[in-house]
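Q: First residue of the sequence shown? That's 90 in my numbering, and the numbers climb one at a time after it.
Simulated from the structure, these hints should not be mistaken for lab results. No residue lacks a Cβ here, since even glycine has one placed at the ideal position from N, Cα and C. Worth double-checking, as some hints may not be accurate.
Stated by the list, open to error - Pair ranges (Cβ atoms, derived):
| no. | residue 1 | residue 2 | range |
| --- | --- | --- | --- |
| 1 | D176 | D132 | 35 to 43 Å |
| 2 | D132 | G198 | 32 to 40 Å |
| 3 | P145 | G209 | 26 to 34 Å |
| 4 | D116 | L197 | 14 to 22 Å |
| 5 | E151 | L118 | 17 to 25 Å |
| 6 | R112 | P194 | 14 to 22 Å |
| 7 | G114 | A177 | 32 to 40 Å |
| 8 | D101 | L129 | 18 to 26 Å |
| 9 | H161 | M90 | 17 to 25 Å |
| 10 | E202 | V124 | 26 to 34 Å |
| 11 | D175 | M90 | 31 to 39 Å |
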Amino acid sequence: MAQVLVVDDDDDIRTLVALQVRRGGHDVLDVGDPVRALALAGDRDFDLAVLDWSMPGMDGGELCQRLLMLPHLAGLPVLIVTAFTDDATRQRAIECGAASFMAKPFRLGELRERVDELVGRGSARSQP
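Build the full structure now, drawing on both the sequences and the hints.
A: Okay, here's the thing in structure tokens:
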């Protein structure tokens, strides 16, 4: 069972993503505020972060970068989920350290598959 951080300022989307990740057998910490999420991540370990791109106070790209700067989360797989599907946003997400990118709206099965793939990648990084 993986520990997954879900951050989205839209309550409905965050609830939907968190529910689907939980149905996949993972523990979820879901947060609506990226600044609060960063503070909570300071002393918690996660196997995956699922981040919205467009949020007030800090976008998903900046949050991704700042999470990955935390020593205990270096190498954390990050999935960006966003309605912005243009090439520039996708490129910036990759430059910020995201392992994967997913467009909204998404199929629930696709989300679960992507989460499982990335959780597997994250556990592989932590093994010697």
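Q: Run every hint past the structure and note whether it holds.
A: Here is what the structure says about each hint:
1. D176 to D132: 35 to 43 Å: holds (37 Å)
2. D132 to G198: 32 to 40 Å: holds (34 Å)
3. P145 to G209: 26 to 34 Å: Check passed, 32 Å falls within 26 to 34 Å.
4. D116 to L197: 14 to 22 Å: Holds: the Cβ-Cβ distance is about 19 Å, inside 14 to 22 Å.
5. E151 to L118: 17 to 25 Å: holds (19 Å)
6. R112 to P194: 14 to 22 Å: holds (18 Å)
7. G114 to A177: 32 to 40 Å: holds (35 Å)
8. D101 to L129: 18 to 26 Å: holds (21 Å)
9. H161 to M90: 17 to 25 Å: holds (18 Å)
10. E202 to V124: 26 to 34 Å: holds (30 Å)
11. D175 to M90: 31 to 39 Å: Holds, since D175 and M90 (Cβ atoms, about 35 Å apart) stay within the stated range.
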